[in-house]
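Trainee: Listed below, chain by chain, are the residues.
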Amino acid sequence: MKHIVIIGGGIAGIETASALTDAGHWVTVIEKEAQVGGKLNNWSYLFPDFTPVDKIKSVLQEKCSEKDFSILHQTEVSSIHRKNGKFNIEISGEHQLEADAVVVATGYELFDARRKEEYGYKIYDHVITSADLEQLLLPNGDLTVAAGENPKRIAFVHCVGSRDEKSGNHYCSKVCCITGVKQAIELRKRLPEAEIYCFYMDLRMYGKRFEELYREAQEKYDIEFIRGRLSEASEKIDKSLLIKAEDTLSGRPLKMNIDLLVLLVGMEAGKGTASAAASCGIGCEDSGFLKTADSFLKSNFSEQEGIFLAGSCTAPMSVNDTILHARSAAQEVNNWLLRR
Amino acid sequence: MKDFGFTMIKQRTIDYDQFDGRLLNEVLEMEPSFKVCLSCGGCTATCSAVDLVSFNVRRMNLLLRRGETVELESEIKKCMLCGKCMLVCPRGINIRNVIMLIKKSIPKYKTVTL
Amino acid sequence: METNPFIWPFTIGLLFISCFLIIIVSIWISGLSHIDKSRIVHSIFTRKSLLAIRETFMESLLHRKIFRKNLVLGYMHMSLAFGWFLLIVVGHIQAWNYYRSLSVPAYKAIFFRYFVTEPATTLSEKTLAACVDLLLVFILSGVMLAYFKRLNSRVFGIKKTTKLKAGDRIALTALWLIFPLRFLAESVSAGIHHNGSIVSQPTGQILSSLLPVHSLEMPLWWAYSLALTLFFVSLPVSRYMHIPVEVVLIFLRNYGIRIKKRIDGYSRIQVYSCSRCGICLDSCQMTHAEIKDTQSVYVLKHIRNKNLTDEKLFNCLLCGRCQSDCPVGLSLNDLRITQRIESTKEYNSSYEYLKNGPVEVSPQTEVIYFAGCMTHLTPAIIKSMKEIFAVARVKYWFMDEDKTSCCGRPLMQVGQYEAAKKLIGHNQERILASKANKLVVSCPICFKVFNEDYALPGITVQHHSEYLLELMVNKRLPMNKMPLRVVYHDPCELGRGSGIYHQPRLLLDEYAEVIPVKNEKETAFCCGGSLANIKIQMNERNQIRDEALEEYLSYRPDVLATACPLCKKTFAKSNKLPVHDIAEIVYMAIQEKQNLQKTEYKKEMKMEFWK
Amino acid sequence: MRREGKIQVWQDYQKEIADDHYFYVRSCIRQNFFPGAEQTFLKILRSELNKDIYENPHHTSCSGIGYHSDIVPFDTIQTVVARQFALMTEAGYQNLAVSCITSFGIYNEIIETWKEFPAELEKVRNFLKTATGREFEIPQNVSHASDIVYKFRHRITDKAKHKLVNQQTGKPLKIVEHIGCHYSKMFPSKGVGGAEFPHVLVGMIESWGGEVVDYPERRHCCGFGFRQYLVMSNRGYSVSNSKKKFESMAPYKPDAIVSNCPGCPMFLDRWQYVIEEMEGKTYGENGQGIPVLTYEEMAGLVLGYNPWDMGLQMHQTNVEPLLDKMGIQYDPDLKYAGKDGKIIGNPMMVGCGC
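Residue numbers (the working numbering), protein chains in the order written: chain A, 1 to 340; chain B, 1001 to 1114; chain C, 2001 to 2611; chain D, 3001 to 3354.
Hints are supplied without guarantee of correctness; some may be wrong.
[Claimed, not checked] Pairs of lysine-lysine, BS3-like flavour, derived with a Cα cap of 25 Å:
1. 2521(C) with 2576(C)
2. 1035(B) with 189(A)
3. 2422(C) with 1104(B)
[Said to hold, decoys possible] What follows is a set of in silico ranges between Cβ atoms, one per label pair, in the way DEER data are often shown:
4. 1007(B) with 2433(C): 47 to 53 Å
5. 55(A) with 3170(D): 56 to 62 Å
6. 3118(D) with 252(A): 38 to 44 Å
7. 3227(D) with 252(A): 18 to 24 Å
8. 1107(B) with 2551(C): 42 to 48 Å
9. 1007(B) with 3031(D): 29 to 35 Å
10. 54(A) with 2377(C): 48 to 54 Å
11. 206(A) with 2577(C): 31 to 37 Å
12. 3159(D) with 1007(B): 43 to 49 Å
By construction, these hints were calculated from the structure, which means they are not laboratory data. Every residue, glycine too, gets a C-beta built ideally from N, C-alpha and C.
In isolation and in its complexed conformation, chain A is listed as follows (with noise of 0.2 Å):
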């Protein structure tokens, strides 16, 4: 029987081991946290149609019960070592553990709007990221802004952290334009009488039902989008927020009051991943995202062989296509142990 460990247990390493413990594979997966389903956890409700995460959390919650692979709770990867075609791995407390292969699936890290100093996160009381914003749109979470009362005027800013030299990220981080308008849409809902706003500089909707999506915001929702990107925002006296950008479609600049501002913020290749990759001498991209051996045919496959990546440590990934790519890895694994 084969040995594979995988690194993360997130979306993709849970999804990965269950796929390869299926095909009847011993499998340990290692998680840094005290709970499976990595940022997941940050979430509430899944673009394009609502979703509660809850349904996606519990199914792999059921997969790690009933599967028989093992998982390795706070715990994390010191080094990756390659010992008679096979991989020594050294993990917190001392431990080794064996394997045949390995599979990367270290995720991501939210960008840390404190970066993007000029929105002043942390530091006006009413600037919130969309992560923030996705716990108190649960059924229980609390809107209101100064004096109690529900916001009358929110914004949201798209691209915070991702497209954008000063914060050290050129990418795009793929899923929060959708994030913005399904948030968007769930904020009119519940605050109805609101203005909405978002400020983008492209609206990038990508996937399936997306656009739609988008649609239906401007339609139904009466969310108004502007294009242009937020430059500062600052707080007034009243704690509510002085936001300025221009109006690049009218060619001048814009300034507004609003209660609330919600940061969209982008994905970064995590600190786990960065270690994960030196551990095991795997290349990154410039974005900081794990190299995949090839961007058509390989994208399972890591510089090393024998190390495989799964999901959004790789590009960031809408938890859709993260569960496709996790699955398509367990595949390359297995053909990989197949032909050995």
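The hints should help you fit chains B, C and D onto chain A, whose structure is shown.
Mentor: Below, chains B, C and D without anything else, positioned relative to chain A:
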């Protein structure tokens, strides 16, 4: 008032808080299809009047959405209502009705924008 | 002469309605233009009046047009209108005959059976009494049908019926009561005095055996008189105003008076002439998109009631289907445009930016070609026209190849008449400056306005379907009948709008096989894309288009042909069958023939070579 | 507003500020606008803090205003700056203390240019050598004068005679800080606290007992903009920018404005007077203006210096309301007295709030 040889400059900034949305709201209520404009500019590209005068149909949307009624009024009158724009609009907006609604209602809401 | 107080309500009512009608018709006529007034003066003692009388008889009394549409409905209208007319006429003859005088007051004729208690003695008296009885039965049969229609309109081939307002309800109730009450009153009198005739006498006898007829006689005559009064008094606020006003309309129309670009007495007369029969509801395609409150009958009603909204006024395709169905022959499209002009007159544009430069056209130019705004989005039409011009060796000037103002028709359709005039003036100047004597237009929308609203002396305006037919007849185009089954869709502005039905068909028939369809020519469908409707939503347009397409598709044509760029674009969007303009089909056929000739030529050359 | 968030930012942007032995380069315009300010700075450093600060009478304008007005070419300004450095090197100093924000920006810009393009440095060494025969070393530390006051702010607190506290109410004075654009907007890492939430003036105000007002247009330029002011017909742009700031800060009812730039206090001061003349509008209490100080003047007041000695009578917006609030004793009759105590006459243009 002392003459210093210069005067205060009018702000170019659109101050959204001063925005008078009455005309916009009326137009959107009567013609909801106008909500879905993408600002693609197809309308302007095909416009028959554009060949004859400086005119931008797409900008009507923005002028309306920023409450710039004075400019909107003079611009909107350039439209010849030929309907070509509606044949190219990717979102099926009933542009001619929007134009007629604005022409009709704008005198009601004409305010001097700062 | 003997009298009774129950005649007073009737007499006062009759007096009221007569005065009212005289006054209102005078106001309307005085509101006509000078030219129209002189038209009346110059036509009144001519054959036109006789024609008007004939038309009044045929349409207002016999309701010939309704008969054509539906027999039962026609009978209902005829029995009420013609029956009542005859009843009045015969009733008066009866009274004149009895009193031996022509100056008998109206009530003596109307309540004849009450005042003349002795039975008819002479043959003439007997005959007239029998006539009156039969006429009453005739009318009652119509009333019965009317009761029945209210309950179930589908039997009459009408899918929808109009909703009634208070004034209409009162007048309708009165109308429904008048004849049964008269019949009952006469029968009861006959039961008492034995003065009845063939129907009323037996009925009276039966009634007297069943009921206390003596105490019923006066109440019934009172009720009859009151019903008539009620009808007269409610007439001005009811749709039954159409009965007298339609007669005025027929006369004025025969005198050559037409709807203007403004509201005047004649347009008021048209509005009041609507009987609200609701036939226009059936032909209206807006119902395919579930739009059911903007049809002509409602708009005319709202105009009368002064509560017409833009939402209703502008939610109409101006396809003209209702107009060709209207039994009163109202100019429904023009009426609506007039109303639109009135509604939008405060906000026309002046287009100061239109500046005419010198027009440089070679003196040999035979034809001015105006493609039209829409045609620029269907380049296949322009290309076909250019190629055909080349094949026929026509020297032409492509007037709107670039930088040309719109023709003005779209503005006209939405009532922006003053604005449209600016564009018309501008284009007119350019056309006249070209010195050519023929204007060929590819778009029926432009064609209609060039034809009707431009002053182009010495210039023939033709739609390209007419022009191509002319070229073909003059043998300037090669012939080639392709094995192509084609359904031809009549564009509204070309067909009903300009009366051009045959030229496109004749032309198409030479190049392909035209399949006739159920709804064509006068009853042809609108494609749904009409510029005249500024309120309709895109999905509603699609519904209207799809309904029309369904019929066309049932004939399994190879191609749907049309002669309008807008129709073409509208149908093509559905992606259900190939749609081509008539010019494209002609060019296709010519090209096919040329290619064939080339191949044959090559074959010949080869054979030549092998010899 | 959450202080923890700002503290995080301040921690991220801490710069090295030399401890002693400064070569001082003055501002051109400040010597005309507020001549007492630089004098006060030298006095504080020398007599209060016992620091060695040297200035060479041969140093010139950095020519930054000419550079930003597109009059002085880059090669020229590099050579002028190299000459300043040569004077510093010749005097045996390594730490540059810059009075002017424009110059501070220029020095940083040129030093960074030389780091990125060493060929430029060689070229400039050559220019300077050819033109003047001088040689130079790049300063080891470039600090703005406000950086130095910031560094020793606590020592000033220890010697303070007055606090930035309203003596009548006992509450901290509300002070608006305005940072010159070229202080950290060009190189956030060169400013204390970075570009978005600079700490340099905030640190002084807070340690001397005041409360900082963070208002929406805080980051906005005063409107100097070089060409906007230098061409008279363009001054409308300049005054409109300042006005935007006044409108935005007014709701907070600030007691004073403090700036670390030569141009900014001048414009924030003068434009209040101009706006009052043009539109009749004032932004302070009781029809007064909002007093505008340089950070040196503020430090001087805290240390108990005589306001008229520091030249506060040169301000067009009267500073008396602030002096009264701080409980500073001054003789109104001596406001326009010369050095010898004789009255030299009131100014022709009467200041804002008079």
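Trainee: A separate judgement is required for each hint: does it hold in the structure or not?
Mentor: How the hints compare with the structure:
1. Taking the CA atoms of residue 2521(C) and residue 2576(C), the gap is about 23 Å. The hint holds against a cut of 25 Å.
2. Between the alpha carbons of residue 1035(B) and residue 189(A) the distance comes to roughly 18 Å, so the proposed pair stays at or under 25 Å and holds.
3. Restraint check: the Cα-Cα separation between residue 2422(C) and residue 1104(B) comes to about 19 Å, which is no more than 25 Å; the hinted pair holds.
4. In this structure the supplied range 47 to 53 Å holds for residue 1007(B) paired with residue 2433(C), their Cβ-Cβ distance being about 49 Å.
5. For residue 55(A) paired with residue 3170(D), a C-beta distance near 60 Å keeps the hint of 56 to 62 Å intact.
6. For the pair residue 3118(D) and residue 252(A), the beta carbons lie near 43 Å from each other, so the given range of 38 to 44 Å is met.
7. Separated by about 22 Å at the C-beta atoms, residue 3227(D) and residue 252(A) satisfy the suggested range of 18 to 24 Å.
8. Distance hint check: the CB atoms of residue 1107(B) and residue 2551(C) are about 45 Å apart, consistent with the given range 42 to 48 Å.
9. A beta carbon spacing of about 30 Å between residue 1007(B) and residue 3031(D) agrees with the range 29 to 35 Å that was offered as a hint.
10. At roughly 51 Å, the beta-carbon separation of residue 54(A) and residue 2377(C) lies within the given 48 to 54 Å, and the hint holds.
11. For the hinted restraint 31 to 37 Å between residue 206(A) and residue 2577(C), the CB-CB distance of approximately 33 Å keeps it satisfied.
12. Evaluation of the 43 to 49 Å hint for residue 3159(D) and residue 1007(B) yields a pass: the beta carbon distance comes to about 47 Å.
Every hint, counting from the list given before, is met by this structure.
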